[in-house]
Amino acid sequence: MSSTRAVIVRAGLIRGWIEFRQTLTNGQDVFGYLLSPAIFLIVMVSLRGDKLPGTEISIGSSIMPGVLAITVLFSGVLGVAQLLAVEREDGTLLRAKAVPNGMGAYLFGKVVSVAGMTVVSLLIVLVPSLFLLDGFVFTAGSALVLAGVLVLGLAGTMALGAIAGSLMTSPRAAGILMIPMGLLAAISGIFAPLTRLAEWMQWIGQAFPMYWMGLGMRSALLPEETVVIEVGQSWRYPEMFLVLAVWAVVAVTFAPRVLRRMARRESGAAVAARQQKALQRIG
Amino acid sequence: MTGVTAPVTTAREGEPPGEGLVLDVRGLRMRYGSTDVLNGVDFVARPGEVVALLGPNGAGKTTTIEILEGFRMRSAGDVSVLGVDPAHGDENWRARVGVVLQSWRDHGKWRVRELLAHLGMYYGPYSTDKITRPWDADELIDAVGLTEHAQKKIKQLSGGQRRRLDVAIGIVGRPELLFLDEPTAGFDPEARREFHELVHRLSDEASTTIMLTTHDLDEAEKLADRILILAGGKIIADGSADELSRRMSTEAEIKWTRDGQRFVHSTTESTRYVHELFKQHGDAIGDLEVHRASLEDTYMALVREAESGQGDAVLREFAEITEVGTEAGA
Numbered sequence: 001m002s003s004t005r006a007v008i009v010r011a012g013l014i015r016g017w018i019e020f021r022q023t024l025t026n027g028q029d030v031f032g033y034l035l036s037p038a039i040f041l042i043v044m045v046s047l048r049g050d051k052l053p054g055t056e057i058s059i060g061s062s063i064m065p066g067v068l069a070i071t072v073l074f075s076g077v078l079g080v081a082q083l084l085a086v087e088r089e090d091g092t093l094l095r096a097k098a099v100p101n102g103m104g105a106y107l108f109g110k111v112v113s114v115a116g117m118t119v120v121s122l123l124i125v126l127v128p129s130l131f132l133l134d135g136f137v138f139t140a141g142s143a144l145v146l147a148g149v150l151v152l153g154l155a156g157t158m159a160l161g162a163i164a165g166s167l168m169t170s171p172r173a174a175g176i177l178m179i180p181m182g183l184l185a186a187i188s189g190i191f192a193p194l195t196r197l198a199e200w201m202q203w204i205g206q207a208f209p210m211y212w213m214g215l216g217m218r219s220a221l222l223p224e225e226t227v228v229i230e231v232g233q234s235w236r237y238p239e240m241f242l243v244l245a246v247w248a249v250v251a252v253t254f255a256p257r258v259l260r261r262m263a264r265r266e267s268g269a270a271v272a273a274r275q276q277k278a279l280q281r282i283g
Numbered sequence: 001m002t003g004v005t006a007p008v009t010t011a012r013e014g015e016p017p018g019e020g021l022v023l024d025v026r027g028l029r030m031r032y033g034s035t036d037v038l039n040g041v042d043f044v045a046r047p048g049e050v051v052a053l054l055g056p057n058g059a060g061k062t063t064t065i066e067i068l069e070g071f072r073m074r075s076a077g078d079v080s081v082l083g084v085d086p087a088h089g090d091e092n093w094r095a096r097v098g099v100v101l102q103s104w105r106d107h108g109k110w111r112v113r114e115l116l117a118h119l120g121m122y123y124g125p126y127s128t129d130k131i132t133r134p135w136d137a138d139e140l141i142d143a144v145g146l147t148e149h150a151q152k153k154i155k156q157l158s159g160g161q162r163r164r165l166d167v168a169i170g171i172v173g174r175p176e177l178l179f180l181d182e183p184t185a186g187f188d189p190e191a192r193r194e195f196h197e198l199v200h201r202l203s204d205e206a207s208t209t210i211m212l213t214t215h216d217l218d219e220a221e222k223l224a225d226r227i228l229i230l231a232g233g234k235i236i237a238d239g240s241a242d243e244l245s246r247r248m249s250t251e252a253e254i255k256w257t258r259d260g261q262r263f264v265h266s267t268t269e270s271t272r273y274v275h276e277l278f279k280q281h282g283d284a285i286g287d288l289e290v291h292r293a294s295l296e297d298t299y300m301a302l303v304r305e306a307e308s309g310q311g312d313a314v315l316r317e318f319a320e321i322t323e324v325g326t327e328a329g330a
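For the protein sequence lines, the chains are A and B, in the order given.
The first sequence maps to residues 1 to 283 in the UniProt record's numbering.
The second sequence maps to residues 1 to 330 in the UniProt record's numbering.
Treat the hints loosely; a few may be bogus.
Pairs of lysine to aspartate or glutamate, DMTMM-like flavour, derived with a Cα cap of 20 Å [what the hints assert, rightly or not]:
#: 1; chain 1: B; residue 1: Lys155; chain 2: B; residue 2: Glu176
#: 2; chain 1: A; residue 1: Lys97; chain 2: B; residue 2: Asp36
#: 3; chain 1: A; residue 1: Lys277; chain 2: A; residue 2: Glu224
#: 4; chain 1: A; residue 1: Lys277; chain 2: A; residue 2: Asp134
#: 5; chain 1: B; residue 1: Lys222; chain 2: B; residue 2: Glu296
#: 6; chain 1: B; residue 1: Lys153; chain 2: B; residue 2: Asp142
#: 7; chain 1: A; residue 1: Lys97; chain 2: B; residue 2: Glu197
#: 8; chain 1: B; residue 1: Lys130; chain 2: B; residue 2: Asp188
#: 9; chain 1: B; residue 1: Lys155; chain 2: B; residue 2: Asp204
#: 10; chain 1: B; residue 1: Lys234; chain 2: B; residue 2: Glu307
#: 11; chain 1: B; residue 1: Lys155; chain 2: A; residue 2: Glu230
#: 12; chain 1: B; residue 1: Lys234; chain 2: B; residue 2: Glu305
#: 13; chain 1: B; residue 1: Lys109; chain 2: A; residue 2: Glu87
#: 14; chain 1: B; residue 1: Lys153; chain 2: A; residue 2: Asp90
#: 15; chain 1: A; residue 1: Lys51; chain 2: A; residue 2: Glu224
#: 16; chain 1: B; residue 1: Lys222; chain 2: B; residue 2: Asp204
#: 17; chain 1: A; residue 1: Lys51; chain 2: A; residue 2: Glu230
#: 18; chain 1: A; residue 1: Lys97; chain 2: B; residue 2: Asp142
#: 19; chain 1: B; residue 1: Lys155; chain 2: A; residue 2: Asp90
#: 20; chain 1: B; residue 1: Lys222; chain 2: B; residue 2: Glu205
#: 21; chain 1: A; residue 1: Lys97; chain 2: B; residue 2: Asp90
#: 22; chain 1: B; residue 1: Lys153; chain 2: A; residue 2: Asp29
#: 23; chain 1: A; residue 1: Lys277; chain 2: B; residue 2: Glu148
#: 24; chain 1: B; residue 1: Lys152; chain 2: A; residue 2: Asp90
#: 25; chain 1: B; residue 1: Lys234; chain 2: B; residue 2: Asp36
#: 26; chain 1: B; residue 1: Lys222; chain 2: B; residue 2: Glu197
#: 27; chain 1: B; residue 1: Lys109; chain 2: B; residue 2: Glu148
#: 28; chain 1: B; residue 1: Lys109; chain 2: A; residue 2: Asp90
#: 29; chain 1: A; residue 1: Lys97; chain 2: B; residue 2: Asp106
#: 30; chain 1: B; residue 1: Lys155; chain 2: A; residue 2: Asp29
#: 31; chain 1: B; residue 1: Lys153; chain 2: A; residue 2: Glu87
#: 32; chain 1: B; residue 1: Lys222; chain 2: B; residue 2: Glu190
#: 33; chain 1: A; residue 1: Lys97; chain 2: B; residue 2: Glu176
#: 34; chain 1: B; residue 1: Lys153; chain 2: B; residue 2: Glu139
#: 35; chain 1: B; residue 1: Lys153; chain 2: B; residue 2: Glu114
#: 36; chain 1: B; residue 1: Lys109; chain 2: A; residue 2: Asp29
#: 37; chain 1: B; residue 1: Lys255; chain 2: B; residue 2: Glu269
#: 38; chain 1: B; residue 1: Lys279; chain 2: B; residue 2: Glu296
No wet-lab data here; the hints were simulated from the structure.
Next up, chain A with everything else stripped away, as it sits in the complex (with noise of 0.2 Å):
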């Protein structure tokens, strides 16, 4: 019916643009959004006098497309995890499941608000980033880059922190997803080089779509010259975007199967029981 498609995408446009409000608009979130961009931009700036070695580039300028790619990793799979973990607390996925095709449009809400997020979240490291450090490069190309990067990545991110949040039964786990993504920011060449890595962390890293998001965004970013650091000598354009592609098609496939188990599973006693857990731990 198409009717009832075309629904779902208004609900969720409406929702996701709702939501994207919201959060812009509530004080705390927005402290919360602003607080690691602060951080790295102090980093990145305390950073600007040295250089590369071997470039002319400081390398201060170096890890702010590594920062965006960190930002985009971290607003899709722990964004998504997150809400997803508090909404299944609260009861906003039974409400979801209690009105006709509202799973559907629930999940392309939150699709549009985290997107948004996103988008604003590297926004607030970018534009600081142009005005406060130098040697960036941005041309009609790199925005084409950056933006194929985005949105393979974000659909990559976004469809993992789905899966993550609903395989979690409460949000205080989605704590525990940081350690993970901590260590592998650390072998992704974000701060550092991936060359200066020893070889099997290389091979990790590059199995991983954090890597390719950040190699990405430097290439769109960083002058000609500083590929000289990277893995290759080379931006490895098809390989990039094989491998982006590759994560978002798997990620894409898998959320669907694993967000309708544990949707079936919703019910108003599961969600009394979790809030009653909940309770309980606080009291």
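Once you've looked at the hints, dock chain B against the given chain A.
Only chain B this time, still in chain A's reference frame:
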């Protein structure tokens, strides 16, 4: 609000799943591990009926309702809700069912009107010639008495206001069947009365079939055409409040005065007792009052008997009485 006397459900074996029945539940079982929570539940509901499901805590009321709502898979039995098995209900079926669960804390950052208008949108494609979906948000907010809170954030509502919003969300799609799980928990008397009026309106004007659970027997008596009592995993009583208290052989209390003295006597044979009283004392009897057992007394008696393992005996006894009653009325 007196409905047609419902024949006892156990008499329907072998009939095809009910044409024209909104709810048709036969042999419903639910097992968690090795415990049977529901152990062969049978009942029906007809269009426009208001049915109250009563029972002690842990009797499985919420489990039953959640199975009917399609939120929970059953272990065994035949269940038909609006002619559809809720385990396989599609979105079209979902649009015809309204759900108010026991507790909800969702959408705290949304505003009252914003959320109602938003959720109403989902029902638009399911309008029919007879039913225009959804209910207009402002009209609905007015109907549940939340007009002055329409622009408030939901997390700022009091418990009773939040509950009214839950009810509003439950009916925003103009459901043909509405489930209410303890709808008036936390209501003050005024809110409770307004809610009762709303339920009457829904059942009278829109002929919505309503199934509710409650711990308030007074509320069940006021709202329901028919009361089901769930205990020991079975429906142990099924009838109007009046039938239940009239036909259970619970004692009535008789009060009178004679020669300025007050007397109280409890008996199951109140009519005979009063007759004897007059035969013996004639005009000397004054201020006569006969109180039939309240629904609460009936309920307590039924549940106590069911819990002491005599549930089947009570059910049979009640079934016989109801059948006799139906014949006499015909």
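Consistency of the hints with the structure:
| no. | hint | verdict |
| --- | --- | --- |
| 1 | B:Lys155 with B:Glu176 | 29 Å, violated |
| 2 | A:Lys97 with B:Asp36 | 27 Å, violated |
| 3 | A:Lys277 with A:Glu224 | 55 Å, violated |
| 4 | A:Lys277 with A:Asp134 | 51 Å, violated |
| 5 | B:Lys222 with B:Glu296 | 13 Å, holds |
| 6 | B:Lys153 with B:Asp142 | 17 Å, holds |
| 7 | A:Lys97 with B:Glu197 | 28 Å, violated |
| 8 | B:Lys130 with B:Asp188 | 35 Å, violated |
| 9 | B:Lys155 with B:Asp204 | 33 Å, violated |
| 10 | B:Lys234 with B:Glu307 | 11 Å, holds |
| 11 | B:Lys155 with A:Glu230 | 51 Å, violated |
| 12 | B:Lys234 with B:Glu305 | 13 Å, holds |
| 13 | B:Lys109 with A:Glu87 | 12 Å, holds |
| 14 | B:Lys153 with A:Asp90 | 16 Å, holds |
| 15 | A:Lys51 with A:Glu224 | 15 Å, holds |
| 16 | B:Lys222 with B:Asp204 | 14 Å, holds |
| 17 | A:Lys51 with A:Glu230 | 16 Å, holds |
| 18 | A:Lys97 with B:Asp142 | 26 Å, violated |
| 19 | B:Lys155 with A:Asp90 | 12 Å, holds |
| 20 | B:Lys222 with B:Glu205 | 17 Å, holds |
| 21 | A:Lys97 with B:Asp90 | 11 Å, holds |
| 22 | B:Lys153 with A:Asp29 | 16 Å, holds |
| 23 | A:Lys277 with B:Glu148 | 35 Å, violated |
| 24 | B:Lys152 with A:Asp90 | 19 Å, holds |
| 25 | B:Lys234 with B:Asp36 | 11 Å, holds |
| 26 | B:Lys222 with B:Glu197 | 10 Å, holds |
| 27 | B:Lys109 with B:Glu148 | 18 Å, holds |
| 28 | B:Lys109 with A:Asp90 | 12 Å, holds |
| 29 | A:Lys97 with B:Asp106 | 13 Å, holds |
| 30 | B:Lys155 with A:Asp29 | 16 Å, holds |
| 31 | B:Lys153 with A:Glu87 | 17 Å, holds |
| 32 | B:Lys222 with B:Glu190 | 15 Å, holds |
| 33 | A:Lys97 with B:Glu176 | 18 Å, holds |
| 34 | B:Lys153 with B:Glu139 | 19 Å, holds |
| 35 | B:Lys153 with B:Glu114 | 9 Å, holds |
| 36 | B:Lys109 with A:Asp29 | 12 Å, holds |
| 37 | B:Lys255 with B:Glu269 | 14 Å, holds |
| 38 | B:Lys279 with B:Glu296 | 32 Å, violated |
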